[in-house]
Amino acid sequence: MKAILIVIFALLIVSCNSSEVKSLELSSPNNAIKVGFNLSQSGKPYYMVTKEDKVIIDTSYLGFEFKNAPAFDKNFIIKNSEIRTFNETWHLPWGEQLDVINNYKELKVELQEKVSPERFLNIVFRIYDDGVGFRYEFPEQSRLKEVEIIEEQTQFNLTQDYKTFWIPGDWDIYEHLYTTSRLSEIDALKYVGHVNLAQTYIPENAVNTPVTMVGDDGLHLSFHEAALVDYSGMTLKVDTENLNLKSHLVGSENTDYKVKRSLPFNTPWRTIQITDNAPDLINSNLILNLNEPNKIGDVSWFKPMKYTGVWWEMHLGKSSWDYGMEMVGGHWTDTGKAHGRHGATTENVKRFIDFSAKNNIGGVLVEGWNTGWEHWIGFEDREGVFDFVTTYPDYDIAEVVRYGKEKGVDIIMHHETSSATDTYEIQQDAAYALMQKYNMHAVKSGYVGKILPKGEYHHGQHMVNKYNNAAIKAAKYKVAVNAHEPIKPTGLRRTYPNIISREGLRGQEFNAWAEDGGNPPEHLPIVAFTRMLAGPIDYTPGIFNIKFDEFKKNNQVNTTLAQQLALYVVIYSPIQMAADLVEHYEANPEPFQFIKDVGVDWETTKVLNGEVGGYVTIARKERETGNWFLGSITDENGRTFDVNFDFLDDNQEYIATVYKDGKEAHWDKNPLDIKIEILTVSNRSKLTLELAEGGGVAISIIKKD
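Position 409, counted from 1, in the sequence shown is what our numbering calls 409; the numbers after and before it change by one each time, with no gaps.
It is worth saying that the hints were derived from the structure and are not from the lab. Mixed in with the good hints there might be a few duds.
Below, simulated EDC-like cross-link-like pairs (lysine to aspartate or glutamate); rule was C-alpha separation at most 16 Å, straight line [to be verified]:
id: 1; residue 1: 318; residue 2: 549
id: 2; residue 1: 358; residue 2: 583
id: 3; residue 1: 246; residue 2: 58
id: 4; residue 1: 34; residue 2: 58
id: 5; residue 1: 596; residue 2: 586
id: 6; residue 1: 260; residue 2: 137
id: 7; residue 1: 303; residue 2: 622
id: 8; residue 1: 450; residue 2: 422
id: 9; residue 1: 450; residue 2: 381
id: 10; residue 1: 260; residue 2: 146
id: 11; residue 1: 163; residue 2: 217
id: 12; residue 1: 163; residue 2: 185
id: 13; residue 1: 704; residue 2: 649
id: 14; residue 1: 108; residue 2: 137
id: 15; residue 1: 79; residue 2: 137
id: 16; residue 1: 67; residue 2: 151
id: 17; residue 1: 473; residue 2: 429
id: 18; residue 1: 74; residue 2: 118
Full structure from sequences and hints, please.
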């Protein structure tokens, strides 16, 4: 890794006369984006952002409201400022690319109150060619030892009424469909009490992040946060009249503050990605770069993989998570009343192992293996229900692991906490030790339901710490975590690369049981430019039985089969599930070949085109093999466009297998119409892609010998 650090200058300002305060300004490395910082006449700190001399963020104030202490919002003077430049290239142990360039200029402003108690606050800006990150730093000081933050007063004062792609600022869940509207038309409160959600709380007209916007001039913005550690998640309260966003931290019913911290500490980075087009939003590494380097060392024990598993069949109703035990004397007991529909049996899991072993799939997820599922949701008293080391009578974990090892297939552990966080925390060491005993290196965790202890929310400081601490502890046991119902990703996978993926969006399962018709065709073309900017997504693609009338006649997947294949490239995760039933893949060996072939760990990613909420085309080069894979998806509108293969290596021919929508394909009327073609291509080739309504194209591009 190479890093270059240059301290440019230090500007000392000691006058308490506000008329003598000098404004500070810093540009991005390419000089396109500029950040200005100053104090108002009353000593209120504010900043502005311009791109190519056009104001993007107008005068926006910064500060805090504290419990039992004067606010940090005015009466400041600038005591000192420092500018530095930084340029490094670092390596992702797994990811969308191998090398990441981290090149920015930094402005650090040291503030002090000019009135008693004369406390200190630093504000640090990092300016990249594709955006800005800034955070507050609370330095160690004699007059302030601890803060209880009632609210963070961070503003983003916008200068136009952007077309906005948003979900409501729910304190408990991210599983809402995206709405597309003007910023001035956002009404998050209309989603209060959504029927399809296990828990939800929307107290303000606010949006969750990442929230992405497109201006009438083609400017693209996305607001999020980076390095969320020991702090509350941030939603953005919307002032629809003045086109202003303001931080609104997630709180708790158990405290009259939202964040409690001892000094010194830093807040998460507040991030603004700024690009001229949609593809460059996906290309941006700003959020990753704002996180600290790897703290856990070697993670070669985690291998990116595809996996199958006992999961989709339960959403369809073919089998169940629970065995049918009863609570007797405080213990789950087999009283002989098992219903016979339990999915996680030794026999069934071996069937998935056999299938995976034959088809270049490295893992099998097993949900419903452990006791407690009979009494896990919908009940107030969920503490002590789940046991994370005790199996149901029909699941022999030792035999399953032995059989998987014989076949070269890993077992992926599952921990559903039912949001009974104390129960999980008490058993965590034992649960991870069990995984270590059986050489399991990946766990899918779940937090369905309202948080226990009561009064806490999934996205507050209490739960941010629970999620992060679970992953940090897991690393000690060489366990990688794929969290569901999680706190949002904020780039911490750089610091803790055993945080491999997570849900944090409305996933594939909504197609199986949601009462509103599932995820519409526009859902994933929005997700690619919103949620995916934050980090890897465990979306569970690959459903071949699109209509699943055998199980649920009123539900279906709202894409074509070709799009389900394309998702393996478009929606990134280092673990990708072949989510459908074994029998549906066995009945369709030709399209399934793409899932067998497609990579999961990439050397290079190229976003070839895209429009937020419309379509996106991504090509990725697999590490080690040098093979490429391309995925393209669209919303409810059909698309035709040309793709150049100039990203391929020079002087190399490839065999391209194209899986595309057939002439009559349509996400609803004819989703299974797929056509497969084999071509020889090079970096001089061009191909016209035709995507049906709700359709897609998937291409494997394999080096020719």
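For each hint, the structure was consulted:
1. 318 x 549: holds (12 Å)
2. 358 x 583: holds (14 Å)
3. 246 x 58: holds (13 Å)
4. 34 x 58: Satisfied, since the Cα-Cα distance of roughly 12 Å is no more than 16 Å.
5. 596 x 586: Between residue 596 and residue 586 the Cα gap is close to 12 Å, so the pair holds against 16 Å.
6. 260 x 137: holds (14 Å)
7. 303 x 622: Holds: residue 303 and residue 622 sit about 14 Å apart, inside 16 Å.
8. 450 x 422: holds (13 Å)
9. 450 x 381: holds (11 Å)
10. 260 x 146: Holds - the C-alpha atoms of residue 146 and residue 260 are around 7 Å apart, at most 16 Å.
11. 163 x 217: holds (11 Å)
12. 163 x 185: holds (10 Å)
13. 704 x 649: holds (12 Å)
14. 108 x 137: holds (10 Å)
15. 79 x 137: holds (14 Å)
16. 67 x 151: holds (9 Å)
17. 473 x 429: Judged against 16 Å, a Cα distance of about 8 Å means the pair holds.
18. 74 x 118: holds (11 Å)
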